[in-house]
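Chemist: Each chain, letter by letter, is given below.
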Amino acid sequence: MSEKILNNLKIKVWRQKNAQTKGQFETYPIDNISTDTSFLEMLDILNYQLVEEGKDPIVFDHDCREGICGTCSLFINGRAHGPDDDITTCQLHMRKFKNDETITIEPWRAKSFPVIKDLMVDRTAFEKILQSGGFVSVNTGGVPDGNAIPIGYDDAEAAMDAASCIGCGACVATCKNSSAMLFVSAKVSHLARLPQGQVEAARRAKSMVAKMDELGFGNCSNTGACEVECPKGISITNIATLNREYLKAKIAD
Amino acid sequence: MTAINSKIPEGSLAEKWTKHKAKIKVVSPANKRKLDIIVVGTGLAGASAAASLAEMGYNVSAFCYQDSARRAHSIAAQGGINASKNYQNDNDSVHRLFYDTVKGGDYRAREANVHRLAEVSGSIIDQCVAQGVPFAREYGGNLSNRSFGGVLVSRTFYARGQTGQQLLIGAYSALNRQIGKGAIKMYERHEMLDIVKIDGKARGIIARDMVTGEVKKYGAHAVVIASGGYGNAFFLSTNAMGCNGGAAWQAYKKGAFMSNPCYVQIHPTCIPVHGDQQSKLTLMSESLRNDGRIWVPKKKEDAEKLQKGEIGPNDIAEEDRDFYLERRYPSYGNLVPRDVASRAAKERCDAGFGVNNTGLAVYLDFKYSIERLGKDVIEARYGNLFQMYEKIADSDPYTGPMQIYPAIHYTMGGTWVDYNLMTSVPGLYAIGEANFSDHGANRLGASALMQGLADGYFVLPYTIGDYLADEIQIPKIDVNSPEFEKSISAVQARLDKMMSIKGTKPVDYFHKKLGLVMWDYVGMSRNEAGLKKAIALIADIKKEFWSDVRIPGDQGEVNQELEKAGRVADFIELADVMTRDALNRNESCGGHFREESVTPDGEALRNDEIGAYVSQWEFQGEDKEPIMHKEDLKFEVVELTQRSYK
Ligand SMILES: Cc1cc2nc3c(=O)[nH]c(=O)nc-3n(C[C@H](O)[C@H](O)[C@H](O)COP(=O)(O)OP(=O)(O)OC[C@H]3O[C@@H](n4cnc5c(N)ncnc54)[C@H](O)[C@@H]3O)c2cc1C
Ligand code: SF4
Ligand code: FES
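Here the protein sequences come in this chain order: A and B.
For the first sequence, the positions run 1 to 253 when my numbering is used.
For the second sequence, the positions run 1 to 646 when my numbering is used.
Be a bit skeptical, because a hint or two may be false.
[Said to hold, decoys possible] One-sided and incomplete, this derived list gives chain B residues near chain A with beta-carbon spacing under 7 Å: (1) 183; (2) 242; (3) 279.
Calculated from the structure, these hints are not laboratory results.
Virtual Cβ for every residue (Gly too), placed ideally from N, Cα, C.
Bound-form chain A, shown alone:
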């Protein structure tokens, strides 16, 4: 850790009162930020200043601040989760920026994720997709012993890779079509890879895709941009799995 202090930063932020009004950028200067400070801590400091100046602080979503809850969701200098790879916004540190830099911050922009206020968006559409089929249909109780069905190491690992999706929405925000295919495919592959989830894999794929279309997410045109910005390294090979399961369901129809 070699700490440095950054000065003369200009934070250019999207401000929007609510979903009904139009938003605009505002620029705020900030000084004396340690490179060991996280990006969201920098925004905390800015907000503290704004409150002291009697201004409205900037609204943004965040919670765990360790890259796992998927709440934080900022589009920074044109990249979902900012200028670093394999991280969420809350894991971004100020050491990625320079003195005198102008840092542009926008919300996720997608038709299915309307802005609530400033940088906070409504991702309820993701909830609805999962409610339409992102589960194994078992009730509590009456299930077999955990070791009753062996699961190969590779299957467990592959399922885990797909299950790592944190539901942040960076894939949608990055995609020029605002497609939710990476998100949906991660859930479908996670469950399809396990014997417990295989039983209803095709049905699941069909209902989740139908819901995704209904909610206004765009089509996937295989640009692969989503994979690049996914903080959890969810692979687009999952989309092939989704298409396979979806096709199975269509053939069965």
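Based on these hints, arrange chain B with the ligands on the given structure of chain A.
Modeler: This is chain B with the ligands only, laid out in the frame that chain A set:
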């Protein structure tokens, strides 16, 4: 009110739960449909409870403050979940898990509750597997296990370093299935601000829609609090930013006793504080202690050079490294329980052997296990944790040791509940980290996930029926009753008051100030004079807050400063009771270390003569001193000994 009955069933310990289940009342399917249940919080405890209750046929409404139930703080649990499956054939059993938990909790938990927890632990794993939780597996296809601090068997199930995430996704998917079916009404971005009681029974809540700012009334036949822990009273902790004590605190103000609030767990392996711009601390999972060795230099002059940045850890010769846990506790070594490991780190740093520029850090070194097992194995086990460390600390743990220091992590104390998980308010339940019930004065690693899911999947769904069976005649709760009106007006008045202060200081100012007082006087080491001082300082902060806080913006929109203000106001009051509890408990036990109660060689000294009780704090009114009752702890099976990990 006086101390109330914990309703522990009669009979031998191993039979209590089975016999109790056979005796308690059951509600018929037709009647379940007529009964409404509110669940506040959809972390592991709340989501598992809400899903299970809805599957059984009850009408459930669930609330969380995040935009999705999947984001509850349970998601951050890294290391694993315990269960007494004995898959490793290392002689694990229900009794051993029970015994380890009671001992690990320093004999301050109820035997009957802990035994039940151990009994249902195996079913949790089965349930999660059935939901598609991708636990780690061996090549033969069986579930894999690891060890955690404070135990000698390998009973921890895990999904890489993301166990909480995967368990929560499991519970969340069960929740989603019921939401999709219309059996659960889910209220995201809603914060509960009060409990409503009618004729002494819990009958609903008041919640604020955090998007529109609207404050609304919700009725139910029973209310379940599953709102997590209150570690953020210290400002800096490993908890998520939004974690709060609010729901439990409102319950307290409506007559639910608060128990053992002074029992706070300080986790030994967190990334050290870097400066005053910090907003939270990041945990490095305890599972790392399986393969990492903790050390500081033996020589003061080496430590001083490290602190000045003149040398690095790899410059210190093997024989000049002090593996102080292995030295002091040869039988458990680096796997001693958390409280012991935390205090040992503080002891070394206070003595001047800290290894970073603040002098408040020790090393956690993987060099030895990388030599023994290879980098690939270590990467497979801890890859995501190492990545997390590197992003924060800007240094690579594969080539040099991590720096760690203890931080506030978990709260064993919480809302008092009886054996049925009901609080002292009839019809009001508390589950998960929000209650006080199973971990005594110290929680063992990987046992919180177990407890949250035990409560939600396998305990509450049974025990709540015993109460609701007598409520089937009660029609839908009328939210226009005077009790609801009174409650909503009080909530509104409090919000108005906070908005109207228009002082000079942002909410964080007060939160940080409170956190420092708590860390200095109610943290890892406590004494009478310090605790008394803290009570006075907290009272000052309360006064200052209510006269000088500044909350910009309006109530009728997203207002994150207003949300924080409400939580900090609650923390200030809760901190007072935490401190009083610590002052009353004039012994050292688990996470509670009183400098007045130590052995000649400086280890914590428990005093069962005065300390074998659960405190029950009863609210007496605003700015009045609360009253403490005691529930005596009786041990029928476990013999009380001084914990020794030597
Ligand atoms: C970093 C970290 C790592 C951990 N690792 C482990 C581990 O490896 N093994 C282990 O066993 N334990 C671990 N723990 C502890 C464990 O994760 C928690 O104790 C447990 O998950 C708590 O679950 P819960 O359901 O009780 O609460 P939470 O998951 O905290 O959920 C609380 C819920 O309540 C809601 N809520 C809170 N207040 C309100 C309100 N006023 N109105 C409406 N909703 C509200 C929240 O929205 C949320 O849904 C870890 C904890 C941390 C912090
Ligand atoms: S697939 Fe990746 S980018 Fe998309 S929601 Fe999941 S974690 Fe976020
Ligand atoms: S705040 Fe949780 S992932 Fe960023």
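Chemist: Broken hints, numbered, in rising order?
Modeler: 1
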